[in-house]
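Engineer: Here the protein sequences come in this chain order: A and B. Each residue of the first sequence is one higher than the last, beginning at 16 in the working numbering. Each residue of the second sequence is one higher than the last, beginning at 16 in the working numbering.
Misleading hints may appear alongside valid ones.
If chains are identical, the list can't say which one is meant, so a pair holds when it fits in one copy or spans any two.
[To be verified] Derived lysine to any residue pairs resembling SDA-like cross-links, with alpha carbons at most 25 Å apart: (1) K261 to E197; (2) K106 to A187; (3) K17 to R247; (4) K17 to A214; (5) K17 to P222; (6) K17 to E225; (7) K261 to P222; (8) K17 to D248; (9) K106 to D24; (10) K17 to D224; (11) K17 to A251; (12) K17 to G218; (13) K242 to P98; (14) K106 to E220; (15) K242 to T181; (16) K17 to F219; (17) K17 to R239; (18) K242 to G299; (19) K17 to L306; (20) K17 to T210; (21) K17 to Q129; (22) K106 to G293; (23) K242 to P23; (24) K106 to P217; (25) K17 to M252; (26) K242 to M126; (27) K106 to E296; (28) K261 to T210.
Hint data in this document are derived by calculation from the structure and do not stem from the laboratory.
There are 2 protein chains.
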Amino acid sequence: MKKFINHPDAVVREALVGLAAAHPDLRVDLDAPYVTRAEAPRAGKVGLVSGGGSGHEPMHAGFVGLGMLDAACPGEVFTSPVPDQILAASKAVDGGAGVVHIVKNYTGDVMNFQLAADLLGDDGIDVQTVLVNDDVAVEDSTWTAGRRGTGATMLVEKIAGALAETGADAAAVAAMGTRVNEASGSFAVALTACTTPAAGRPGFELPEDEMEVGVGIHGEPGRRREKLLPARDIAAMSLEAIMAAKPVASDEDVIVLMNGLGGTPLIELYLLYGEVAGMLEAAGVRIARNLVGNYVTSLDMAGMSLTVCRADAEMLRLWDAPVRTPALRWGA
Amino acid sequence: MKKFINHPDAVVREALVGLAAAHPDLRVDLDAPYVTRAEAPRAGKVGLVSGGGSGHEPMHAGFVGLGMLDAACPGEVFTSPVPDQILAASKAVDGGAGVVHIVKNYTGDVMNFQLAADLLGDDGIDVQTVLVNDDVAVEDSTWTAGRRGTGATMLVEKIAGALAETGADAAAVAAMGTRVNEASGSFAVALTACTTPAAGRPGFELPEDEMEVGVGIHGEPGRRREKLLPARDIAAMSLEAIMAAKPVASDEDVIVLMNGLGGTPLIELYLLYGEVAGMLEAAGVRIARNLVGNYVTSLDMAGMSLTVCRADAEMLRLWDAPVRTPALRWGA
Numbered sequence: 016m017k018k019f020i021n022h023p024d025a026v027v028r029e030a031l032v033g034l035a036a037a038h039p040d041l042r043v044d045l046d047a048p049y050v051t052r053a054e055a056p057r058a059g060k061v062g063l064v065s066g067g068g069s070g071h072e073p074m075h076a077g078f079v080g081l082g083m084l085d086a087a088c089p090g091e092v093f094t095s096p097v098p099d100q101i102l103a104a105s106k107a108v109d110g111g112a113g114v115v116h117i118v119k120n121y122t123g124d125v126m127n128f129q130l131a132a133d134l135l136g137d138d139g140i141d142v143q144t145v146l147v148n149d150d151v152a153v154e155d156s157t158w159t160a161g162r163r164g165t166g167a168t169m170l171v172e173k174i175a176g177a178l179a180e181t182g183a184d185a186a187a188v189a190a191m192g193t194r195v196n197e198a199s200g201s202f203a204v205a206l207t208a209c210t211t212p213a214a215g216r217p218g219f220e221l222p223e224d225e226m227e228v229g230v231g232i233h234g235e236p237g238r239r240r241e242k243l244l245p246a247r248d249i250a251a252m253s254l255e256a257i258m259a260a261k262p263v264a265s266d267e268d269v270i271v272l273m274n275g276l277g278g279t280p281l282i283e284l285y286l287l288y289g290e291v292a293g294m295l296e297a298a299g300v301r302i303a304r305n306l307v308g309n310y311v312t313s314l315d316m317a318g319m320s321l322t323v324c325r326a327d328a329e330m331l332r333l334w335d336a337p338v339r340t341p342a343l344r345w346g347a
Numbered sequence: 016m017k018k019f020i021n022h023p024d025a026v027v028r029e030a031l032v033g034l035a036a037a038h039p040d041l042r043v044d045l046d047a048p049y050v051t052r053a054e055a056p057r058a059g060k061v062g063l064v065s066g067g068g069s070g071h072e073p074m075h076a077g078f079v080g081l082g083m084l085d086a087a088c089p090g091e092v093f094t095s096p097v098p099d100q101i102l103a104a105s106k107a108v109d110g111g112a113g114v115v116h117i118v119k120n121y122t123g124d125v126m127n128f129q130l131a132a133d134l135l136g137d138d139g140i141d142v143q144t145v146l147v148n149d150d151v152a153v154e155d156s157t158w159t160a161g162r163r164g165t166g167a168t169m170l171v172e173k174i175a176g177a178l179a180e181t182g183a184d185a186a187a188v189a190a191m192g193t194r195v196n197e198a199s200g201s202f203a204v205a206l207t208a209c210t211t212p213a214a215g216r217p218g219f220e221l222p223e224d225e226m227e228v229g230v231g232i233h234g235e236p237g238r239r240r241e242k243l244l245p246a247r248d249i250a251a252m253s254l255e256a257i258m259a260a261k262p263v264a265s266d267e268d269v270i271v272l273m274n275g276l277g278g279t280p281l282i283e284l285y286l287l288y289g290e291v292a293g294m295l296e297a298a299g300v301r302i303a304r305n306l307v308g309n310y311v312t313s314l315d316m317a318g319m320s321l322t323v324c325r326a327d328a329e330m331l332r333l334w335d336a337p338v339r340t341p342a343l344r345w346g347a
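Based on the provided sequences and hints, a complete structural model is requested.
Structural biologist: Right under this line is the structure:
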């Protein structure tokens with residue numbers, strides 16, 4: 016598998032050099048490494064910090080900015096950030112009101128964010144943690160105890176980020192993040208594996224007529240492999256899996272994220288979104304807001320994930336609040 | 016090659032169904048088909064119309080909205096829209112001030128937009144045409160007489176669209192579009208071919224250690240094939256090709272678009288952008304504005320295109336003006 020890189024070991028650092036060059040609103044510490052808003056810390060504002068392995072871009076660094084994250088800690092590709100890195104990023108954005116860690120449920124991430132939180136606590140900095148575990152495909156996986164954190168992460172970051180912008184305290188921001196996570200379910204289907212720069216070849220082999228149903232964002236196995244189906248059937252099985260785990264009543268409002276895993280063209284994502292929208296409409300569920308695009312990816316994997324979040328009026332108001340980040344921007 | 020589709024013949028229509036469901040700000044005529052702003056036409060405003068083969072999403076329908084296009088005409092995948100379609104879209108957005116057609120230089124597009132313009136002229140509607148031919152890789156190609164229109168198209172649409180929003184007349188809007196095109200050069204490199212839904216297999220074969228240098232957005236051949244090089248060398252050869260055809264003096268301002276062709280992860284695009292930014296800085300050229308992402312694509316092709324536009328103060332002011340479209344949004 017060919018890539019636009021110089022050396023597998025330098026990918027994350029060199030991509031951060033590019034991120035810094037492209038976005039003067041951000042400050043990039045190449046050594047830790049972490050990414051913060053240029054003006055961090057802001058006195059009295061809760062610092063919202065997330066992070067995880069690289070390879071899921073634009074998540075997380077692409078969500079740093081007004082109305083969303085204060086800091087992101089990119090690990091090596093598909094590798095958790097280390098505690099020192101999380102510690103440094105958290106301190107860089109602590110404006111005296113404490114920090115909220117948004118952590119996807121992977122064993123390494125959970126452990127390293129916890130270690131960092133302990134160290135921050137020793138320094139008298141209040142840390143609240145939001146654990147994201149929205150992927151309804153599997154109960155446990157090769158990378159996790161419990162459900163994996165995937166597409167809902169960006170909804171948590173957007174909505175909790177908007178609340179943090181209003182001056183809410185750390186407990187309230189974390190409670191909102193947890194509410195969004197609990198209201199969300201995600202399900203992913205892959206048509207191809209992804210290839211990490213270090214490995215240089217696909218993480219698994221998927222025959223030309225098969226798909227991985229319930230795949231994770233590192234290519235970890237899902238529920239089963241089966242013959243490729245029409246998009247309509249894939250949309251239906253994804254939506255059914257989500258609804259079984261996180262039911263939505265007719266007449267409720269939802270936010271829908273039709274997300275690409277990196278190698279799937281937008282024309283296919285819109286086609287899938289059309290299928291999902293038709294099914295939800297038929298069920299009487301209102302799609303109050305939606306996003307279609309590549310937001311939570313798995314390098315070059317051809318695949319999609321669907322996230323449905325049952326949203327109350329407060330969540331929708333926070334969703335609509337101004338946001339200005341590299342990957343998500345409106346009203347600012 | 017596997018895709019999220021129902022049937023190859025239905026891809027464009029079903030993706031438009033999804034686009035309509037996702038974006039209530041747009042009105043989608045599924046029969047013509049074309050996409051306009053929901054409130055079109057606006058009396059007294061020049062109607063900005065573009066279009067071309069599908070498969071380059073988000074271009075063009077993803078650029079319909081405030082501050083950018085009034086209408087887009089999607090053809091079948093890699094197939095020009097037909098004259099009737101362009102005619103209907105143009106009439107739908109003509110608010111009495113005429114229309115401007117933004118046409119990428121491909122033989123079919125040029126012919127069909129010209130036929131539509133003739134018919135509009137017969138109906139007394141003033142049509143100005145901006146021909147986009149920014150791709151410096153080849154002088155002629157399998158799809159064109161003259162240079163191909165690629166990445167600069169979105170810069171033309173953004174900047175001319177912002178001018179149209181101020182109430183400028185058709186001649187002024189078209190002149191600005193032409194200025195942006197003349198100030199822009201693009202160059203693309205592919206690591207893989209793309210696969211159209213109808214063909215079901217890659218349009219060409221590229222060995223595992225080779226790249227296509229100067230590729231077109233339909234996978235048409237470029238300057239040469241050669242062994243894969245490090246990203247730094249690819250960035251350098253792309254920038255040199257552009258600078259040779261469209262020189263930029265040191266101390267001039269440019270807009271840089273580091274564009275993905277659909278199958279390349281964002282982490283690689285940022286890495287490439289970092290290389291380009293370093294080289295331009297070393298040359299004393301100021302990157303006044305930039306975009307990094309998938310904007311002008313070639314289905315699932317792994318590849319990138321670089322566009323450099325020499326920008327004066329007026330272009331930069333128009334670039335910064337509010338835009339609200341599915342794929343580009345700020346200040347609104």
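Engineer: Could you tell me which of the hints above the structure violates, numbers in ascending order?
Structural biologist: Those not satisfied are hints 7, 9, 13, 14, 15, 18, 21, 22, 24, 26, 27, 28.
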